[in-house]
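K.L.:
From first to last, the protein sequence lines stand for chains A and B. Position one of the first sequence corresponds to residue 1 (my numbering), numbered consecutively onward. Position one of the second sequence corresponds to residue 1001 (my numbering), numbered consecutively onward.
What the hints contain is simulated information worked out from the structure, not anything from laboratory work. Mixed in with the good hints, there may be bad ones.
To be verified - EDC-like mimics (lysine to aspartate or glutamate), calculated; alpha carbons at most 16 Å apart, straight line: (1) 169(A) to 6(A); (2) 169(A) to 187(A); (3) 225(A) to 244(A); (4) 1184(B) to 1010(B); (5) 225(A) to 82(A); (6) 1123(B) to 64(A); (7) 169(A) to 141(A); (8) 1123(B) to 140(A); (9) 1123(B) to 54(A).
Below are the chains, spelled out letter by letter.
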Amino acid sequence: MSRIIEFQNVSKAYGDLQVLKHLDMHVEAGEKLALIGPSGSGKTTILRILMTLETINSGHVMVEGDYLWHQKVNDELVPASEKHLRKMRENIGMVFQQFNLFPHLTAIANIEQPQILIKGVDKSDATNKARELLALVGLEEKENHYPHQLSGGQQQRVAIARALAMDPKIMLFDEVTSALDPELVEEVLNVLRLLAETSDTTMLTVTHEMNFARDFADRVLFFEKGQIVESGPPNEIFKNPKEERTRNFLRQIIGEIP
Amino acid sequence: MNWSWKVVYDVLPQMLEGLVITVQATIIGALVAYALGLILAIMRMSNSRIISLSTYWISEFIRRTPLLVQLYFLFYVLPDLGIFLEPLEAGIIGLGLHFSTYTSEVFRAGIENVPTGQWEAAKSLNYRPYQTMRYVILPQAIPPMIPPLANYLITMFKETPLLSAITVVELFNAANIYSNSHYKYLEPMTLVGLFFLIVSVPSAYIAMWLERKYQRRYARNH
Ligand SMILES: Nc1ncnc2c1ncn2[C@@H]1O[C@H](COP(=O)(O)OP(=O)(O)O)[C@@H](O)[C@H]1O
Ligand SMILES: [Mg+2]
């Protein structure tokens, strides 16, 4: 296995608020990771840094062995240019809590457009791929619906298909079921379970659904105050957490006392 | 004071010619106001503070001074600097420039009302900045801009009599010239009012209809 993501001593602050403190973290290629922890602990920030939506203040982030936020110019590390960031972004896709589908485009056009514009795919190939992906997420009959004609769960599944269409090596899922009505949560989580089983894409998921994290993840990271408190396979973390802080968090969120 | 149909008959041809000029000045002036307004809006939203702030102050200056003074400047002062404009050219530039400072606010609000999640989704799919604007932001921003832009078109139409101050023979001036030489004011000025009403009232209703249409569409998407 090779390291596809590495955070080296990364710090990030919003003004006076130190969100990540000297964070070291690594992810192996193909790994399925669940990031759990209290709200405000910096989980979203980690995904946003990887998606280049948020800069870092110090340290280094490596993706596929290359600096994400820096580049080498004459053997010197300088802040990444927009061109470098564009190249790095090709590896990464993200699904957001609020779906963020393009409301003026139909479900299928949401999936076709980025393929055509960014990957230079032919329209007919883009359509074929979009149809395959809509079938994968169980929405083949909804291709001509606009986002506002779809339920939240359906919109989120289209958003997952849209991100997959770009063939990223790394997929980031930020609390993708938090904005959904409870009865729509499972249909989205089932798509993620399916992906975890069938695809070798590296996946990072921030979630508060502990049962789902258990099914989905090869490894669970528990965060608190911008630092990793504990990390391990779901069986260890959920059945036999070593840290008191992990135990407290799980007790609060699932009610049972591990 | 007696209404004379003969005067109406006499003045009408000149007034129709004036109306053509008025419509020309309004439409071309509005196109200038829209194009320049979009440029001002983009400059105002620039990341460079110098560009953003100087655009703000220039817009404020133009907006806070009377259009009439700006028209005088374009037509009577610029020649001292070696720039000579035809009356209608100066009028169109003046109208367009003045109202671009209003339309730019419409463009800016329209663009800023698109949720940040849309920008972030486009970035996460690796759209270039211009592709984000062209394929993601503007298609969502433009529909709600249409009603206020249509309203500025109507306002500009009503402001065109100011162009008479720089010798443009538009609808009002055509009537005025006739009035001053024949000492007949009742019929020409009544006709001016009527012409403006005939155009303004239906356009106002069209603008209101646009507003309802696009507000509904906008509400559905959000
Ligand atoms: N753009 C921002 N500006 C200021 N503070 C922010 C911003 N984004 C996040 N924060 C703060 O940073 C902290 C960590 O946020 P986040 O990464 O979203 O945590 P989590 O996803 O674990 O809930 C929170 O206290 C949040 O309020
Ligand atoms: Mg979060």
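K.L.:
Go through the numbered hints given earlier and state which of them the structure violates, listing their numbers in rising order.
P.N.:
2, 5, 6, 7, 8
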